[in-house]
Amino acid sequence: MKDGKIVLTMSFLRSKFLIMKALFFILIIILSVSCSPENFWQKAGLAEPEPISISSKTGDADISEDDNKVDVVKSFVGDRDSAIAFSIDKPSDFNGCILYPQSKKEAESMAQVLNAKCFGKEKVIEYLSSEIDDQDLVGAMKNTVFLLNKGKTKIIDCIKDFLPEFDEESADEETKEIIKYYNSLRVSISECCEDFISGLFKPLFSILSTSSNPTWGEYIKCQLMINLLSGVLEGMEKIVSEALSLLSSEELKDNVFNLDEAEDSEALEEKLKNVGVSSLMNIADGVVSSILSPIAVYNSISYSYGEEIGLMTVADIIVQVTEGSK
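For the sequence shown, position 3 matches number 1418 in the working numbering, and the numbering has no gaps at all.
Just so you know, these hints were derived from the structure itself, not from any lab.
The beta-carbon is built from N, C-alpha and C at its ideal position, and this holds for glycine as well.
Any given hint could be a false lead.
[Claimed, not checked] Pairs of lysine-lysine, BS3-like flavour, derived with a Cα cap of 25 Å: (1) Lys1653 / Lys1472; (2) Lys1617 / Lys1489; (3) Lys1575 / Lys1653; (4) Lys1565 / Lys1686; (5) Lys1519 / Lys1505.
[Unchecked claim] The calculated label-pair distances, taken between Cβ atoms and stated as ranges, are: (6) Gln1550 / Ser1518: 49 to 55 Å; (7) Thr1728 / Gln1527: 34 to 40 Å; (8) Thr1728 / Ser1544: 19 to 25 Å; (9) Asp1582 / Lys1520: 22 to 28 Å; (10) Glu1681 / Asp1551: 40 to 46 Å; (11) Val1602 / Ile1706: 38 to 44 Å; (12) Ala1682 / Gly1511: 29 to 35 Å; (13) Glu1537 / Glu1676: 49 to 55 Å.
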């Protein structure tokens, strides 16, 4: 009888162990899909809840004191060498402090905080509508929007005119088809570029006229736009760098093409044409990664809180642009 009790007790302990193990496994899953362990305990009421917080990222624009210009590429892609450059006129009273683009990890972390189930949507919306107390960050936001507003036309023109047009007349039949497809794609990009970028930046310009401090929702709008602009500029950089590496000319390695200068712009166009349309399309395919991550983060946040902070999803912007171009 004693042996039976021991077996029964062992069986009970084993079952209890398996149940505890299953509960622990479920807990790990909950933590991994909802929020950090600290916030989980807050949600469960076992710890004092901490406020939602987003880390801002600011720095100085790249300003040339000689000709009073702001280098857009160096200002919005980070501190690294670039094969391309273009500038916009420095607005008066511009002190140089702007929002910097986030890294992929920083941007994804911001989206994760806002979408964490442990906070609850109402609490996140309350945070997004709260005013920013940090006056340095407020100044950087207004500087960024002011700079984008003043330089919007120049930025759009540089992006949409970046890819060269290929002549299909002297090409063989097979290459003609590739060139025809490429040129039609290039025209579509040029036609949609202005409306698309304007659609992205339009929600920001109200920040300039507001008398009160901007909200955290408006900060997130600004930061997402800068991340997207940085991704586009980085994609342009990669196209040039990959094209120059294919041409493998020593004298091109340290060359910077200044798109403000007609001579430099024509030289770059010639180099890209020398690579060939097929190679250029292959390079462009590989550039998607530069834009994919910021678009994914933008879409994640705009899908969850677009209505509250005035952001359309990328899909909605594309539909609007497509219907407007008909």
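Hints, one by one, checked against the model:
With a CA separation close to 24 Å, the supplied pair Lys1653 and Lys1472 stays within the 25 Å bound. With a C-alpha separation of about 23 Å, the suggested pair Lys1617 and Lys1489 falls inside the 25 Å cut-off, and the hint holds. Between Lys1575 and Lys1653 the CA atoms are separated by roughly 16 Å; this keeps the pair inside 25 Å, and the hint holds. Only pairs whose Cα atoms come within 25 Å are accepted, and Lys1565 paired with Lys1686 is rejected, the gap being roughly 31 Å.
Among the hinted pairs, Lys1519 with Lys1505 is inconsistent with the structure: their alpha-carbon atoms are about 29 Å apart, more than 25 Å. In this structure, Gln1550 and Ser1518 break the distance hint of 49 to 55 Å, their C-beta atoms being roughly 25 Å apart. As the Cβ distance of Thr1728 to Gln1527 is approximately 18 Å, the hint placing it in 34 to 40 Å is violated. For the pair Thr1728 and Ser1544, the beta carbons lie near 20 Å from each other, so the given range of 19 to 25 Å is met.
For the hinted restraint 22 to 28 Å between Asp1582 and Lys1520, the CB-CB distance of approximately 44 Å leaves it violated. Judged by the Cβ atoms, the range 40 to 46 Å given for Glu1681 and Asp1551 holds: they are separated by roughly 42 Å. Between Val1602 and Ile1706 the CB atoms are about 19 Å apart, so this pair departs from the stated range of 38 to 44 Å. One distance hint, 29 to 35 Å for the beta-carbon pair Ala1682 and Gly1511, holds here, with the actual separation near 30 Å.
Take Glu1537 and Glu1676: their Cβ atoms lie about 53 Å apart, and the range 49 to 55 Å holds.
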